[in-house]
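Generate coordinates for the entire structure from the input sequences, incorporating the hints supplied.
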Amino acid sequence: MSSILDRRVKYSGHKHTVNKTELTIKKNLDMSILNLLCSYILSGNRNIRRGAYINLRNFISCLDLSVYNTEPEKLKKLEFIQKGLEARLEKNLSSRSMIKSYINGGILADNIVDLGDNELSNQEIDFVNEMVTKSLYYTFIDPEMDVLTDLCIRWKSADFNERVSLANEVEQVVTQLYNKFRRSKVESVNNLVFSLKQDTFEEKITDIRNKLCDPSRMMITGMQGINEILGGGFYASRVYLLLGLTGVGKSMTMLNMMYQMKKYNKRITPKDPTKVPCIVYITMENDIYETVERLFSIATGEDLIDYSVEEIVQKLKTEGELYINEDSPIDTIIKYVPNRSVDTGYLYTMVEDLEDDGYEVLAVMLDHVKRIRSVQNISDLRLELGEVINEFKVFATLKDLIFITDSHLNRDAAAIIDKYATNSKADLTKMLGKANVGESLLMLDNSDCCLIINKEFDENNIEYMVFKRIKMRYKNSGRDYICQPFREDNKIRFVEDIGYAVPAFKESLHEVDYNMQYMNETKNITGGQKIRQSNYCNITYLDSDNDYDTSSTITKYSEDTIPSITVDEARYSDLRYMSDEDVNEYYKKISDTLISSLIK
1 MSSILDRRVK YSGHKHTVNK TELTIKKNLD MSILNLLCSY ILSGNRNIRR
51 GAYINLRNFI SCLDLSVYNT EPEKLKKLEF IQKGLEARLE KNLSSRSMIK
101 SYINGGILAD NIVDLGDNEL SNQEIDFVNE MVTKSLYYTF IDPEMDVLTD
151 LCIRWKSADF NERVSLANEV EQVVTQLYNK FRRSKVESVN NLVFSLKQDT
201 FEEKITDIRN KLCDPSRMMI TGMQGINEIL GGGFYASRVY LLLGLTGVGK
251 SMTMLNMMYQ MKKYNKRITP KDPTKVPCIV YITMENDIYE TVERLFSIAT
301 GEDLIDYSVE EIVQKLKTEG ELYINEDSPI DTIIKYVPNR SVDTGYLYTM
351 VEDLEDDGYE VLAVMLDHVK RIRSVQNISD LRLELGEVIN EFKVFATLKD
401 LIFITDSHLN RDAAAIIDKY ATNSKADLTK MLGKANVGES LLMLDNSDCC
451 LIINKEFDEN NIEYMVFKRI KMRYKNSGRD YICQPFREDN KIRFVEDIGY
501 AVPAFKESLH EVDYNMQYMN ETKNITGGQK IRQSNYCNIT YLDSDNDYDT
551 SSTITKYSED TIPSITVDEA RYSDLRYMSD EDVNEYYKKI SDTLISSLIK
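Heads up: the sequence shown at position 466 corresponds to 466 in this note's numbering, and the numbers run straight through without jumps.
Honestly, the hints are just simulated from the structure, not real lab data. Check before you lean on any hint, since a few could be wrong.
With a straight-line Cα cutoff of 30 Å, these simulated BS3-like cross-link-like pairs (lysine-lysine) come out [to be verified]:
#1 Lys263 <-> Lys335
#2 Lys475 <-> Lys399
#3 Lys455 <-> Lys491
#4 Lys315 <-> Lys491
#5 Lys275 <-> Lys317
#6 Lys83 <-> Lys134
#7 Lys83 <-> Lys263
#8 Lys263 <-> Lys197
#9 Lys399 <-> Lys197
#10 Lys370 <-> Lys393
#11 Lys197 <-> Lys83
#12 Lys27 <-> Lys74
#13 Lys315 <-> Lys455
Here it is in structure tokens:
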């Protein structure tokens, strides 16, 4: 029997592949399905992979168009889909308007299909992918049923001698049918498998690159030093673990990060355009009242109970920039879950419920590891903690989101801090390392990035949160240690230095550090420019989108004379405007008197 389904072969003159088959699908698609496929072609949903478009093209190429001869409207929509697939796969167009223009070039303007601007949700995308995959998979079955039916009839009426020879024929047909099932399998677009195979290599590389370059998969904080330690920011599919002593401020640090991720990632758009992007903070330690009260203090520097409801809402919106609109689309959702009341399976239910409510979760922050159970029901705490982090990793990968959590350092870390805290001028957090992970080193093994955090004071009794990176599985930066100051007017809020020429962190609390900045005042000047002013440095934001002027004028310090640095408007992707060498060269010229007064 001749092979019905051949191997993939290339279109003449095209780079991309398509399943060539001698069979056709005689199914007459209804108008609602065709409308859905037209919208699929134009959709901006970034969850649609290139392989899905190739599967759809294979499906359309198998349709028997003669079935539609008496239905011109359906033929028009099929032509729309074919031209749209050409735009996607051969012209590499992704803009909705550009794809429409390409289709319109092949279809007369008065015949173009008008679909409006409706977007498809993830659920609609999944429906199309499954329909196409199953239709391709079962294309060859109908004609084989006739062969099998004939064999069954002949077998029933055959005598013993006839069945001996007929058995061989049955075996051959069944074997060939099995091979056709195997060869006709269409890879699910939800399971990406990389291979150097010629007809899939470019397709897989395209899918991988598109995903890794998706801007919604990376979120920055408002602190240059933390972003640098993280290799640019927090990345989706990765698990980040913060470790600190009891009472050091792990929850407060997580809330600061959530607040900053909301504030400094305004350009992020969800992969599913029908959803609202959000960050979810799960507190299993402090209740939701305490958590929101602390968030209010971080955002405003004041106590929530001192204000009326109307004043609280107004302050959160104006001073805290906590609102949702087109310019700031990310929602922040805080959930309280009682200690040890759920296992990690709860995370899937929570995210899927939020998806049903119209959300796309960008990041989940959970406080903290010991308060959630493993689905494995492990009695040994050391093994359970390692498995919980491992389950976080699987969850983050499957849901393609950022996962941030925290846990404790051990008694040895506490002993080191207690021993040297009162009489040492050394950087205490530098003394801590992997050996100080509390309860289970498996947490460190299974996380992608791990930071030790600790509060310290410099010689002037100014407080900092110190961050030391002890694990990085992926992209590694040269910096692994910073001391981030708290704001002078808000002792639970970190200084945010995104957009400034010189970052706010110190590299050491007991050495002269010329990177230290504290910029806390914003003033308006003529021409729409902004000046952010510290005690010694004016940072001017320019209106230009193209010129990145990092010129600096250094003058001898006096009460009436301070140095001035000019930089361009802050860009979220570029966090540093001056090299360390330039910063050191400039600020070595500033007097010790100035250095000691930087954050006063």
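Worksheet item: For which of the previously enumerated hints does the structure constitute a violation, in increasing order of number?
Response: Structure breaks hints 7 and 8.
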